[in-house]
Amino acid sequence: MTRTLRLVVAAAVVVAGVVLLVHTAWPVGSQAATGRSVATTAATNRLDDCLADAARRLVPAGATVAVDAPDLAGAIALLTSVAPWARPVARADGAQWVLVLTPGTGPGSCSGYVVSRRPGGAP
Amino acid sequence: MTGDVAVSLVLLAAAGLLPALALVGVRPVVVVLAPLAGAVVAAVAAVSSLVVAGGLIPWFVLWAAAAAGVAVGWWWVRPGRRPDRTTWSWWSALWLVPVVAATAWSVRSLRLVTIGFDARGLWLLHGAWFAGGHHVARAAISDPVLAFAHPNYPPLVGAAVAVGWAVTGAAPGSAAALRDGQIVVGVLNACALVAVGSVFVEVTVARRRAVDGDGALGVVPGLASLVGALVCVALAAGAGPYLVDGYADPLWVLAAVGAVAFGLVLPLSGPTLGTAALLVAVAGLTKLEGILTGEVLVVLVALRYGLGDGGEDGVDGARGRWTRAAAGGVAGCLALAVWPVVARLLHADPDDDASGHRYGTVGARWHASVSAMVPHLHVVPVAAVVALVGSLTLRRVRGTGSPGGLAGDVWLWTVLVWNLVAIAGTYALGTAPITVWLATSVDRTTTFAPGLALVSVGVWVVLGLVQLLDTEPSGPVDPGVGTGPPVSLDADAPDVLHHGA
Chain A
1 MTRTLRLVVA
11 AAVVVAGVVL
21 LVHTAWPVGS
31 QAATGRSVAT
41 TAATNRLDDC
51 LADAARRLVP
61 AGATVAVDAP
71 DLAGAIALLT
81 SVAPWARPVA
91 RADGAQWVLV
101 LTPGTGPGSC
111 SGYVVSRRPG
121 GAP
Chain B
1 MTGDVAVSLV
11 LLAAAGLLPA
21 LALVGVRPVV
31 VVLAPLAGAV
41 VAAVAAVSSL
51 VVAGGLIPWF
61 VLWAAAAAGV
71 AVGWWWVRPG
81 RRPDRTTWSW
91 WSALWLVPVV
101 AATAWSVRSL
111 RLVTIGFDAR
121 GLWLLHGAWF
131 AGGHHVARAA
141 ISDPVLAFAH
151 PNYPPLVGAA
161 VAVGWAVTGA
171 APGSAAALRD
181 GQIVVGVLNA
191 CALVAVGSVF
201 VEVTVARRRA
211 VDGDGALGVV
221 PGLASLVGAL
231 VCVALAAGAG
241 PYLVDGYADP
251 LWVLAAVGAV
261 AFGLVLPLSG
271 PTLGTAALLV
281 AVAGLTKLEG
291 ILTGEVLVVL
301 VALRYGLGDG
311 GEDGVDGARG
321 RWTRAAAGGV
331 AGCLALAVWP
341 VVARLLHADP
351 DDDASGHRYG
361 TVGARWHASV
371 SAMVPHLHVV
381 PVAAVVALVG
391 SLTLRRVRGT
401 GSPGGLAGDV
411 WLWTVLVWNL
421 VAIAGTYALG
431 TAPITVWLAT
441 SVDRTTTFAP
451 GLALVSVGVW
461 VVLGLVQLLD
471 TEPSGPVDPG
481 VGTGPPVSLD
491 ADAPDVLHHG
501 A
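Each protein sequence line maps, in turn, to chains A and B. To convert, note that position 26 of the first sequence is 26 in the working numbering; the numbers rise steadily by one, no gaps. To convert, note that position 431 of the second sequence is 431 in the working numbering; the numbers rise steadily by one, no gaps.
These aren't lab readings, by the way, just hints derived from the structure by calculation. A virtual CB, placed ideally from N, CA and C, is assigned to each residue, including glycine. Each hint can be trusted.
Selected chain B positions facing chain A (in silico; Cβ < 7 angstroms):
1) Val113
2) Arg120
3) Val145
4) Ala237
5) Asp245
6) Val382
7) Val386
8) Val457
Just so you have them, the derived chain A footprint on chain B, three or more residues with Cβ under 8 angstroms:
9) 121-129
10) 162-175
11) 224-235
12) 387-396
13) 459-467
Chain A residues, not near chain B, derived (Cβ > 10 angstroms throughout):
14) Asp68
15) Val100
16) Pro103
17) Gly104
18) Pro123
For reference, chain B alone in the conformation it holds in the complex (with noise of 0.2 angstroms):
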């Protein structure tokens, strides 16, 4: 059984390697997002196999080829975003693992058999379905006896266990195929955790850098570490048992929190930008909730980079800017759209929860909602004020608005403000009878806002340790005037999370 875990993991990463090296660069982070772009090949794959014909094999390996051949015309065309031309220390390593730490003890009950209901009776057995191949999950998305199963739900959990399985001959359904499944899930969690937990040492470069250039760093970033991996421990609590049985709710959570921190925090560069293109393309391929909360992420981060938050005009100015902005806007919302397209074409049976007749009214429902998530969100409020506090005093040293500074809170909170009235909206405009939806799915659907809202406070506490250390300049960083290097936007440039010691 490990062995087969092994073989499913290594096929993820070998296929999200270059594609994730493409978008990151070479990094230490790597080593767990690529697992994660594998699982976006085997969710693209299992969605060709729906779609078209032929088995989820001979499409990953296509799609995995495919994506190996954009990386390498990637770097023929950006000769400066090669691997072998980019620089990096070992001390980045060494920072990551406080994080790596935290976050294996958190999933250590992965050494327990526990496969939780949803897991068995959904995620693992759309893996099943896609294992078969063409006719097996095409007979099963629009089967009205499987619509316990949720077939509308996005591909990508399904997907990356069903490779290992079709790999190693598992069968479907037995007990060790769901224990390979648990882990495979968990260990996907996990790379999201870490790839969260990275961020705070990167807000400590990015701050570095910006304010004076590759000056040495110190004692910050070791105890940026260790914040990080804090954070990844209080996310593992968000998540609870989820993180660990199987459940698809923990990673696109987790993902979709690593895209905000790095597309809306941390200052806009290539790799920042890349590293939230693959966490949001994680949500949005592993649940609705992914997909709903990634258009707004995508249209945020086009919305910053047009502004020009945190970087610099390149040669073609601010229409060029905003140019590629609406471009990778526009694409990032039909991308993300692809799946709901296709489960409808292709008569997914509706999500029962949200068709045919409505228990109650709106408003009652609503009042309900707002009753069942408050519990939930106790993070938050408090979140709020160490915000609040943090934007009014640590401005200078977050750098909002100067090259190379980190973006302002706001962005975050937004996402934040935006997912709760989403949730609540959901169950308030759903059919289902909501006492027992909210009693059976209020805990997972409420765990990205106080994910989020963790994320802000570790990063205010980062930067009231620079403060308190002051490892910054003593005179104050005027917007636009900062002393180092611009920030540019040209996957050429130096890379803006470049780790100096």
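Extracted from the complex, chain A is given alone in its bound form (with noise of 0.2 angstroms):
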């Protein structure tokens, strides 16, 4: 290969690797596919951390707790608020408190849900 070829071809392996770079690169500038995201996500955080805070103020810490939620997203929810410093478990009568989560507003409401507490089964 002649030394014009090879500078050629090596031009062209630099401009095509930097324009597949930028291509690739170009999402984090522009932000146009993180800023949603992070939007939504921030959104997610804010229920979380208010059913978290919702929970904290009705059960204390240690104690032993089973969820009772109208879905399977929600029991997950209320389970990952409580798991951190309480005990979850998988049924009420082995739990002190049963954290309820039930769709409505008005004050202490969490994004359309409410977080209450009933006696479990467990002393």
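Each of the two chains sits in its own frame; use the hints to bring them together as a complex.
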């Protein structure tokens, strides 16, 4: 391969590589891809933090807790909120407290949900 | 809160500084490798607390002291590697500035409170377990109610965050603690990103050293640094919001990409092997995919070492080289296997994605998996073309096969292909409903292969610049007759990555 051809191919590799890198890097520059997901995550964070605050006010740290929610997503959200400081259990009769998630609005509600408690079956 | 984050990072960096210096030598990139090494120490401490007894912090202090002792002992045995006998230039720090700036810009969303679903429900929850000490962690890991938190996932992220929580007294699960955790994980991601970005200047330094001793480097390292910065931004784009929302995926991906770059691209030397080992440890202790990929990486690096790719025989010849390769490879593979064994012995709930009734046939799941993965891999075929053209035309510049030359790209692409097959195979052989599983994970599980492809492209761009700027000697560099100093794997030998200005 002649020196000229080598240089042409090297230039092509550099240009193609830089174009590919810039193309791939572009979403970070424009924030187009991440802006929406950041906003979505922030909204979810507000709901989760609100649920966690409500649960903390209702149940003491270290207590055994079961959750009662209208759907799986709600149950996991509530479980995730209490798991760092309480002891989640599967059944209400084995829990000191049952945290109940129900749709509702008003003071203390979290994005259309209200957290309340009732005694479980454990002492 | 900022103070608590600073405490966490200082603790990690302090625990990791001496081991990182021992593994890598004195060079600017140690600043980002130290917190990563500290995170490895935290993970080992978490496993010790979980398995034996006691709290996380006593184990963290014990293991940090042990690691520091081993580092000092290493320098006593190998005085040539002592920090006070290692030289480096301020130029090498200057070349890192664009990479650091690009990384900082890429993680600027860390200023926002964005804690991802898995970060809250998994990774930071593990931190709460480890911060609670032996009894809390032991009860949690085998609690079926907590199976949603995947207790069998490796401990590094949770442990790294828990060290800060335990020392500052943060209440795990509180909004402030979660925010601290988000930032700490984001900073560790950034550290791994800078480590990857530093590779491209090392490429030019290694090439020059291989063909021309300590000859002048000219403007090439500066351009390579800009390429490294661009690769960092591209990798950050691939990671997307997960880079800053507390997820563990970017950390294992970036650490593994860095490990490939240091272990399977740059010329082998004590520092490159040390950096690769550290980054493999980070990847393997962060996610199960990191273990799977790390095992292959260890085998390939050992194979490359045994083959003497880019290096020379030491005093004990090829037999000694293969003995060391086998010993290192076996030790690395065993170390990576420790966490899965511990998780199994402690009855960590098996991953519900891979146990129980399988939805659909393996063939149908494989087809669905490949179909879902392909849209995330558009970078890979383009990078493959660049790599093919580069391999055919820039081989002399790459110096593959000559002492101190870069490894052939085939090593990197072997890991890439393995990873894609392993990911598709995991989906196919798993049991969870495939449509939901793919929809909730495929954008994260497919970031490693494009990351490697981008590194391959970045290296070829740098080598193309070397060719264009004609900074190499005009004659061919035949294998085995390089004019540079011998690239010895002896730790006392001159540092291959020494930054001559």
